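S.K.: Got chain Y; can you put chains P and G on it based on the hints?
Residue numbers (the numbering used here), protein chains in the order written: chain Y, 628 to 786; chain P, 628 to 786; chain G, 628 to 786.
These are computed hints drawn from the structure, not numbers from a lab.
These numbers were taken from a predicted model, which means no experiment stands behind them.
Where hints are given, some of them may not hold.
Heads up, simulated SDA-like pairs for lysine to any residue below, C-alpha to C-alpha not over 20 Å straight-line [what the hints assert, rightly or not]: (1) Y/Lys686 <-> G/Pro757; (2) Y/Lys691 <-> G/Thr696; (3) G/Lys686 <-> P/Gln758; (4) Y/Lys657 <-> Y/Lys691; (5) Y/Lys781 <-> Y/Leu731.
Just some of the chain P residues that point at chain Y, by a computed CB distance under 7 Å [unchecked claim]: (6) Trp645; (7) Ala648; (8) Thr649; (9) Thr651; (10) Thr652; (11) Leu655; (12) Leu656; (13) Met659; (14) Glu679; (15) Asp699; (16) Leu718; (17) Glu730; (18) Gly743.
A virtual CB, placed ideally from N, CA and C, is assigned to each residue, including glycine.
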Amino acid sequence: RSGEMAKLTQLIDNEVFWAYATYTTIVLLKMMLMSLITAYFRITRKAFVNPEDTASFGKGENAKKYLRTDPDVERVRRGHLNDLENIVPFLGIGLLYALSGPELYTALLHFRIFAGARITHTFAYLIPLPQPSRGLSWAAGYAVTISMAYKVLKTALYL
Amino acid sequence: RSGEMAKLTQLIDNEVFWAYATYTTIVLLKMMLMSLITAYFRITRKAFVNPEDTASFGKGENAKKYLRTDPDVERVRRGHLNDLENIVPFLGIGLLYALSGPELYTALLHFRIFAGARITHTFAYLIPLPQPSRGLSWAAGYAVTISMAYKVLKTALYL
Amino acid sequence: RSGEMAKLTQLIDNEVFWAYATYTTIVLLKMMLMSLITAYFRITRKAFVNPEDTASFGKGENAKKYLRTDPDVERVRRGHLNDLENIVPFLGIGLLYALSGPELYTALLHFRIFAGARITHTFAYLIPLPQPSRGLSWAAGYAVTISMAYKVLKTALYL
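Pulled out of the complex, with its shape left as it was, chain Y reads as follows:
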């Protein structure tokens, strides 16, 4: 049992790991941006969910009317949740994939498609672009993650 994983200590010092670090940081920063966009829409649309957030608008009914949902806020929140659902698998599977000894060229291809797909997905969701823009960008990120999972299981399967 001395597969690719055995060479991990060498592999981790290499460009594939640097590439993983770079693209993971980029997609996580992109995901974090969704919090700021949500806050921006909550403030400009005056649509809050916590009573303590509307206290500066006065008391009683005057503040209460800002406790409401807004379509733009909800749209950003859905995009944020979709990021979580897709970037969490990338975070875990991508790390294991980077440690499974892929070719640099192949690894970069996977990471770049994933990052490009998630950035496109955000634009498709927020503008919004007509379908199937959002669907296809989601599917591209999903397919790339499945491909990396396949490589991990082929290299490291230990049940």
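M.R.: Leaving out everything else, chains P and G in the frame of chain Y:
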């Protein structure tokens, strides 16, 4: 201060890490499956949330009636969120646990219970099975994660 | 191209990695606590979302009245989702940061502020404290994560 963690470079080349890689990939793939099940129910139940997703059903009121919530869609979404809430801790704590030098037998026991618990949880949620099926499968995964966290803190505590 | 990342095999055996393991485990356990608090409020407020969860209250209308939302339950759930949105970036970026060769003092500062900010955020959300308590504690964790991301990209950028 030369505890178990100090031997990390050797440990990472071993079967515990391979086992972590395998079970993490399995539970992340299972979580990703929830996206496909959500899409399946949205399409078969014709229950969408984004106006651009109903454009193919025509314009105006004709398309608008498909912008609705459906109990089956919401159920899958709750299962998906529960996965996120429980698999994210496993992803992080499990990795640190795998690097903390556990016995292979003990580690496999933890990983297998966690993966089995989450798969059972999904069936219990989606069928749905009567309680306490869902509650117990959730608790099994939760308990195993706490047990791994205890081992990590015992090995690596550095405040 | 032999930057800080190249020394990874040594770095991983060190106190920065131990500190990362400790603080990550703490914030993930804190996040897991949100599940228990949600369950506590669901049971004490008798506010459930799945019909199978109210079966023990009897059948028909008698059980159905407990299928409702409760402001306290929803508040904890929002805090839980906010944890996911912020702790997932910390999990990934923090790991890469720990591997990027920071000074121990600087790394501890980052990890401690993050953990303190997330714990404060939970108290601010659940009590709730008047704003800007929740906003500031959220911003502190966010800023620290950005700072770590900057260090990772400065060390490992490989596009």
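S.K.: Sort out which numbered hints this structure fails and list those numbers smallest first.
M.R.: Hints 4, 15, 17 and 18 not satisfied by this model.
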